[in-house]
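Q: Listed below are the residues making up each chain.
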Amino acid sequence: MMNSQTESSDPFAGERLKESPFHPRQAALNLRNAWSSWNGYKFADYYYDEEYEYFCVRNSCATYDICPMQKYIISGVDAEAMLDRMVTRDITKLKENRVTYVCWCTDEGRLIDDGTIFKLGTDKFLLTCGSPSLAWLRKSAFGFNQMKIEDASDTIAGLSFQGPTTCEVLKRMGLEGIDQLKPFCIAHFSFAGSEDKPLMVSRTGFTGDLGYELWINPSLALSFWDALYAAGEDYGIQPYGEAATNMARLEAGFIMPGMEFNEALKTIHYHYDQTPFELSLDWLVDFKKPHFNGRTALMSARDTGSEYTLIKLDIEGNKPAEESFLYADEGCIKEIGYVTSAMWSPVVKANIALAMVKTEAIKDSIWAEIYYTKELRHHSKVAKCKVQSKPFWAPDRARATPPAAF
Amino acid sequence: MKKYDAIIIGAGHNGLTNAAYLAKAGLDVLVVEKNEYIGGAAVTREMHDGWFYSSCSYVCSMMRQAIHRDLNLTKHGLVLVPYLGTVVFADNGDTMTSYHSEEAEYNQLRRRSPHDADAMFRFQADLGRYAQLIRKTLLRTPPDPTSFRPRDIRELLWLAKQFWSLGEKELYEYIRFFTMSAADFLDDYFEDDLIKAAMASPGVIGTALGVYSPGSAYVLLHHVMGDVDGNVGAWGLARGGMGAISNAIAGSVKEHGGEIRTHAGVDKILVKNGKATGVVLENGDELYANIVVSNMDAKRTFTQCMDKDDLPPGIYEKAKNFKIRGSSGKVNIALSGLPKFNNVADNRYINRGGQGFVGSMETLERAYDCWKHGRWSDDPFIESVIPSAWDPTVAPPGQHWMSNFIQYCPPQLADGPWTPEKRDAFGQTVVDKIERYSPGFKDLIVHMEVRTPHEIEAEVGLTEGNIFQGELTIDQLLFNRPFPGYAQYRMPIKNMYMCGSSTHPGGGVSSACGANAAREILIDLKRPNTVPEDDFYDE
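Going line by line, the protein sequences match chains A and B. Note that the numbering used here gives residue 332 to position 332 of the first sequence, counting from 1, and the numbers run on in steps of one. Note that the numbering used here gives residue 461 to position 461 of the second sequence, counting from 1, and the numbers run on in steps of one.
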């Protein structure tokens, strides 16, 4: 299941990346050998063509390997209190078999990471996040004695299954009642004749579209993959990698570490990390609940207001404003911010971006200085930007229960 | 009696685009459509239980992105999805796949001819250069070269500048290109017959020309100059079928307060004192408007829907002689499974592309010979796509819809008028040919819709079933389209305009004709312009 090389006499074994439980199937479909890495795992940037895979997410259905994502099981009578103390959202309101999006901060109110919490039982939670967080979890658990933290990153295999035909495929796989599963809800299913329901399905994802995350024991990963792909054959199933994910999440307006925010615990320069307010995550911060990490700092941050705020931009023309500076004037004299992520959105047909802009300058006109290359020669242009309040892509099917067939 | 600001005849995609922009400018517009459904040739209909055919046009690459964005067509349900490569079939059973990756494509070409694989780079660059120039003219009104109005002079200078920027050598080449045959053009690059046939085939699609006929090189360009999200030459499917395009534009018309009336065929355009005043419907109802815009082709507009006496001298003759010859058929097939083709790998990506039954250069030319003699091609060129392999909305899961475009099929047969029997025999010719390359194909057929130029004219209203509303030859392009002197969407009758593919830039689901016409109308009405400029990837 893990690395075949580790057993061999491969002198480079220690330098090679780990392989996900789904690797044998994914490797066969990675026609371009476009591998990158994530948390020590060999991880596909794309398999065939990033735009094609992006369109599978928007047009049919596609799988994204989330085995490298970090997974922690937090259990015990103090588990809820500990998580509620750590994250900015009120976890005591979370019902069993529900998922919620959360973030957590330092005492100074700077964002460490975001992730999702699954309430698996009264005293049992699953936390998933992009970066390894065991050290911070342990620190956060100080004083909570009746609980334990288990790193399940390598013991739960996960596939994010996204796109308009996903529900139909899961129905065809025999997941009874899957069409009644509401967004952010969890259900358990039997698989391969097993009665103990080893397959967990959550209606979650990182694409803004209809989709599910499928969780299973790594020992069942390959047979599960085969069953899913057999069911999905007539529905255009395809694996997708980091590149397509990045396109889909930007259209949905979701933030990425290393793009929109610099993880606080990894930040060297003063205030080069962000508060949730700067990232427009105000709705994640619940001051009505008792003390939580960073509460005092966040209250004062809320009262003073943020210098920068993350906003969505619809930019004139079609040149992606990657790494652009933003100005208050067309002459590019008064600098007011910078673009964090940008792309041409094939589905919306718009030139979109997320950007950090000085809060005071958001209501006035915004111009992007865009650099692009044409047959080796560098060019630049200045384009007008329009602030957009809603996600660029938010189809009704993402929220509909039951979802339509496609 | 109600008087509209504008009546647009024909709810095809250009008519709807025109209406959307006029409505957006605040005009009270009515679109009248003869069929009980909208869309014209960009239409999707459930022709068999669970199967949604795009009965006429079937793929899309010319749709102006600026219009898509400006009219918010995504909000109105339009998603354009690029599809993957195409497999071409030679007479001898050989196949050649066009792959999505440049490297795979190069290796594939090299297997046939190392020379041609290398030549392909120069070919693509040359074609790209030509395409770029034409692309820039799509959302612009052609200048009148005989006029001294400042706008015409300015536009003429702009056009001259575009041509001059090619450099002297390329300028000569380009001028030659417009009158060349696809075969002559390709001979300068390639030696392999199948590669040539594959590249030449777009030069005859929808055109009553052969691959060796002068003028077919431009038609080739017309088919490769489109793009999907800036990938020039790529083709896309409208999710839900081509009707999704018309429906989305109709959504925009309604959003801006426009009205669309179906089952309202126009019998005559009303003219009073040299001015268009409205239309008479087939049921006798008269509707009045300050402006009448025809989205019908030029021949139908002037020879079928107007009194000859209402027209200035010469116009009727020009319309009568407008080159709009039907040459294509369409066979839409519902299949119980995905067909397998000889010498094609069972590869999920290839299966999501198209099939080109091109045969050889000689086969393509012989197919044209049949047309000249008033017969459908006994060994036709077929361009097929199986949209259901990629679009989950057009056929039941695991079953498929195959669109087959056939070149050639004549509007009139030498042995007398079209009959249902002859139509079916034409369909059988097509199915027999596909079966040759895909044994067992016939057993998969669940339902079939066969459309000769006769059906296309009767249903869509395109004269002779010509898919471009008039041939795309230099005598009918740019400031010559539809007729010299009338290329700026204004017609010889006051308050009358044209907005269909008979006008610049011609056929294809681009929305450009309708948008350009709206811009001219708004200029005449002294209203602020609502039509966007094109946005280019290659600026």
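Rather than coming from a laboratory, the hints here were simulated on the basis of the structure. Where hints are given, some of them may not hold.
What the hints assert, rightly or not - Derived EDC-like pairs: lysine to aspartate or glutamate, alpha-carbon spacing no greater than 16 Å straight-line: (1) B/LYS272 with B/GLU255; (2) B/LYS34 with B/ASP267; (3) A/LYS381 with B/ASP309; (4) A/LYS334 with A/ASP364; (5) B/LYS75 with A/GLU335; (6) A/LYS42 with A/ASP154; (7) A/LYS384 with B/ASP535; (8) A/LYS197 with A/GLU176; (9) B/LYS136 with B/ASP534; (10) A/LYS182 with A/ASP396; (11) A/LYS384 with A/GLU335; (12) B/LYS75 with A/ASP314.
What the hints assert, rightly or not - Covered stretches of chain B, going by a simulated chain A footprint (3 or more residues, C-beta under 8 Å): (13) 65-73; (14) 77-88; (15) 388-395.
Just so it is clear, CB atoms sit at the ideal spot from N, CA and C, and this is done for glycine as well.
Q: Work down the list of hints and note, for each, if the structure agrees.
A: Comparing the hints with the structure gives:
{"no.": "1", "hint": "B/LYS272 with B/GLU255", "verdict": "32 Å, violated"}
{"no.": "2", "hint": "B/LYS34 with B/ASP267", "verdict": "10 Å, holds"}
{"no.": "3", "hint": "A/LYS381 with B/ASP309", "verdict": "55 Å, violated"}
{"no.": "4", "hint": "A/LYS334 with A/ASP364", "verdict": "12 Å, holds"}
{"no.": "5", "hint": "B/LYS75 with A/GLU335", "verdict": "33 Å, violated"}
{"no.": "6", "hint": "A/LYS42 with A/ASP154", "verdict": "13 Å, holds"}
{"no.": "7", "hint": "A/LYS384 with B/ASP535", "verdict": "14 Å, holds"}
{"no.": "8", "hint": "A/LYS197 with A/GLU176", "verdict": "12 Å, holds"}
{"no.": "9", "hint": "B/LYS136 with B/ASP534", "verdict": "7 Å, holds"}
{"no.": "10", "hint": "A/LYS182 with A/ASP396", "verdict": "13 Å, holds"}
{"no.": "11", "hint": "A/LYS384 with A/GLU335", "verdict": "14 Å, holds"}
{"no.": "12", "hint": "B/LYS75 with A/ASP314", "verdict": "15 Å, holds"}
{"no.": "13", "hint": "65-73", "verdict": "holds (count 4)"}
{"no.": "14", "hint": "77-88", "verdict": "holds (count 5)"}
{"no.": "15", "hint": "388-395", "verdict": "holds (count 5)"}
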